[in-house]
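Student: As a plain string of letters, each chain reads:
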Amino acid sequence: MRFLALARTHFRLAARQRALWIVSLGLALLSVTITVNPGLSFETDNPAALALTAQMLALMPPVAYAAAFTDLASESERLGISEIEASAPVPPFELVAARVAGALAAMALPSVGVLLFCAGGQMLHGNVWALLQAAVLLAGVVLPAALVAAALSAFAGSLLPRALARIAAIVAWFGVLFLGVFVPTPTAGGGLRVHIAADPVAQVLFGSTPLLDSPESAVTAATPLEAIALLALKLAAAVALLAAAGAIARKRTYRRR
Amino acid sequence: MFISLDHLGKDFPKKPCALDGLTLDLPSGMIGLIGPNGAGKTTLMRILCGIVGPTRGRVLVDGRDLSEPRNRRALKKALGYLPQDIEPYPNLTPPEFLDYVGVLKGMDDRRARRHQADELIDRVGLADVRRRRIGGFSGGMRRRVGIAQALMGDPRLLVVDEPTAGLDPEERMRFRTLLATLGGERTVVLSTHILDDVAQTCPYVCVLRGGRLQYDGATAGLIDGAHGRTWLTPPLMAPPAGAVVVNAATTAQGTRYRIVSDAPPAGSASVEPTLEDGYMALAAR
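Taken in sequence, the protein lines are chains A and B. Throughout the first sequence, residue numbering follows our numbering, covering 1 to 257 in sequence. Throughout the second sequence, residue numbering follows our numbering, covering 1 to 285 in sequence.
For the record, the hints were derived by calculation from the structure and aren't laboratory data. C-beta atoms are modelled at their ideal positions from N, C-alpha and C, and glycine is treated no differently. A portion of the hints provided could be inaccurate.
Every beta carbon over 12 Å from chain B, so not counted as near; a handful from chain A, in silico [claimed, not checked]:
#1 Met1
#2 Ala5
#3 His10
#4 Leu30
#5 Thr33
#6 Leu40
#7 Asn46
#8 Met60
#9 Pro89
#10 Met123
#11 Pro184
#12 Gly190
#13 Val204
#14 Ser214
#15 Glu226
#16 Leu235
Distance condition first, Cα-Cα at most 27 Å in a straight line; then the derived BS3-like pairs of lysine-lysine [claimed, not checked]:
#17 A/Lys251 with B/Lys14
#18 A/Lys251 with B/Lys77
#19 A/Lys251 with A/Lys234
#20 B/Lys15 with A/Lys251
Kindly produce the complete structure, drawing on both the sequences and the hints.
Tutor: Written out as structure tokens, the structure reads:
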């Protein structure tokens, strides 16, 4: 109960950043329009199309999260509220978790809405498991990506002034994409084409091809173990970045006072 | 609530010792904590609130050692804290922020939280702006939200750090009146540079200097230290040598100084000391 009540306040705080919320909604809507399947994902009963939408939602709206969460770790320190929180009988990890969960829930709401809309469309077209599949994609693909982007943003925000931190976090998010998702592949003509690698969870559970825009790709599909390992790595990286952001913000605040 | 400090010390890396062997018993009621900048007041309050731990010594609250996590948790449930620099979340309204603080303090009943938040908002005079976001408030109004949050959960120990800094005279009077009504069965630790606030509200005072305890006891006792040593000089061209100047007033004939001295200039008139005189007399020792 306490966790939910704390998260509700942070949900409210994030939801009131209207400009970023609108950008997030725009990017989420844009994600639906990107497809390599025939028709949009809510116009078919094909789970692979739903998985593709989820993967697009894991690529594009996080750009907005990278800009939105620069204050996640530093705001309460800067405002002095961290002192009140530290004098309260609530464990620090519960506070951080509530802050992240609340803020992320608000910012990810457009993505959740879009995915549920697509799932609803698929159900109307005969995919009875679409809602459950959307929930799995949300937990395994969309939210982990959002969490990593938010953690990058919080980390940048603890080190840099807000405007610079937003730019740095967006650049870092694209860095993450180029490290793991965008795959440069030589073409027959001697050039280079950047493909988008499918999320291992989507590959394992929904049969997405390893390279989303190249179904004929001969690259080996991910194994369940690799999918779980990558998910764990994302969560660990996010937790480490959030912990570091909190520690840096606290240190900077105490040095200033 | 009875608080006892036992040889309390706190060191920070590459900085002078913040607290040095503080041994002190704090009674219940209003306690003033005064001293110059860097005396260790804020560090002491952070230790009392369980935000930082001491490097040496211990704090006992009602006989329970705060080094035990269980005791620290119990204290935090009964604690209200107003830090020196606090800006409530600007995107929240006062009731929303107080609700958040109520949750932090372990008030599980949502209805009770809302009821108390409403009461406190009325008490600090923010009823008219309760639906507005805090970001649009003046400094004094934000301070009042800070004061209200410290009172959420009806704490038995209230620690307030520079609560009237930046408030206009009317706000200060209002807050002083509010503080005076809070003493009762609570322990209220009030740290401030405004000695008049302590003189008006605190029967007990502690003076810290360089992390050490310089005085603890009745506020009247500190004032008594300047009794018979506080003078108002005749108009002079320069402050009298060897005297501690508390105040100065310019007149057409020269400047009249309020001083604390054992050997006042000729023509000086003895005056009733205030807490300011007592504090300056102590500082000059």
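Student: Take the hints in turn and mark each one as holding or not.
Tutor: Hints and how they fare:
1. With a least CB separation of 6 Å from chain B, A/Met1 falls inside the 12 Å interface cut-off, contrary to its annotation.
2. In this structure A/Ala5 is not separated from chain B by more than 12 Å, as the shortest Cβ-Cβ distance comes to only about 4 Å.
3. Not every C-beta of chain B lies more than 12 Å from that of A/His10, the closest at about 9 Å, which undercuts listing it as non-interface.
4. No beta-carbon of chain B comes within 12 Å of the beta-carbon of A/Leu30; the shortest separation is about 27 Å.
5. For A/Thr33, the condition that its CB be more than 12 Å from all CB atoms of chain B holds, with the nearest at approximately 32 Å.
6. Every CB of chain B is more than 12 Å from the CB of A/Leu40 (nearest about 36 Å), matching its label as outside the interface.
7. The claim that A/Asn46 lies off the interface holds: its Cβ sits roughly 42 Å from the closest Cβ of chain B, which is beyond the 12 Å cut-off.
8. Distance check for A/Met60 against chain B: the nearest CB is about 26 Å away, which clears 12 Å, and the non-interface claim stands.
9. The beta carbon of A/Pro89 sits about 4 Å from the closest Cβ of chain B, which is not more than 12 Å, so the claim that it is off the interface is violated.
10. Consistency note on A/Met123: stated as away from chain B, and its beta-carbon is indeed over 12 Å from all of that chain's, at 36 Å minimum.
11. Residue-level check passed: A/Pro184 sits 42 Å from the nearest beta carbon of chain B, beyond 12 Å.
12. Look at A/Gly190: its CB is around 54 Å from the nearest CB on chain B, clear of 12 Å, so calling it non-interface holds up.
13. Against chain B, the non-interface label of A/Val204 holds: every CB pair exceeds 12 Å, the least being about 39 Å.
14. For A/Ser214, the requirement that its beta carbon stay farther than 12 Å from each beta carbon of chain B is met, with the minimum near 45 Å.
15. Distance check for A/Glu226 against chain B: the nearest CB is about 41 Å away, which clears 12 Å, and the non-interface claim stands.
16. Listed as a non-interface residue, A/Leu235 keeps its Cβ farther than 12 Å from every Cβ of chain B; the least gap is roughly 26 Å.
17. A hinted pair counts as satisfied when its Cα atoms are at most 27 Å apart, and A/Lys251 with B/Lys14 qualifies at roughly 14 Å.
18. Under the criterion of a C-alpha separation no larger than 27 Å, the hint pairing A/Lys251 with B/Lys77 is consistent with the structure, at around 26 Å.
19. Between A/Lys251 and A/Lys234 the alpha-carbon distance is near 26 Å, which keeps this suggested pair within the 27 Å criterion.
20. The straight-line distance between the Cα atoms of B/Lys15 and A/Lys251 is roughly 15 Å, inside the 27 Å bound, and the hint therefore holds.
Figure legend: structure checked against the earlier numbered hints; hints not met, in rising order: 1, 2, 3 and 9.
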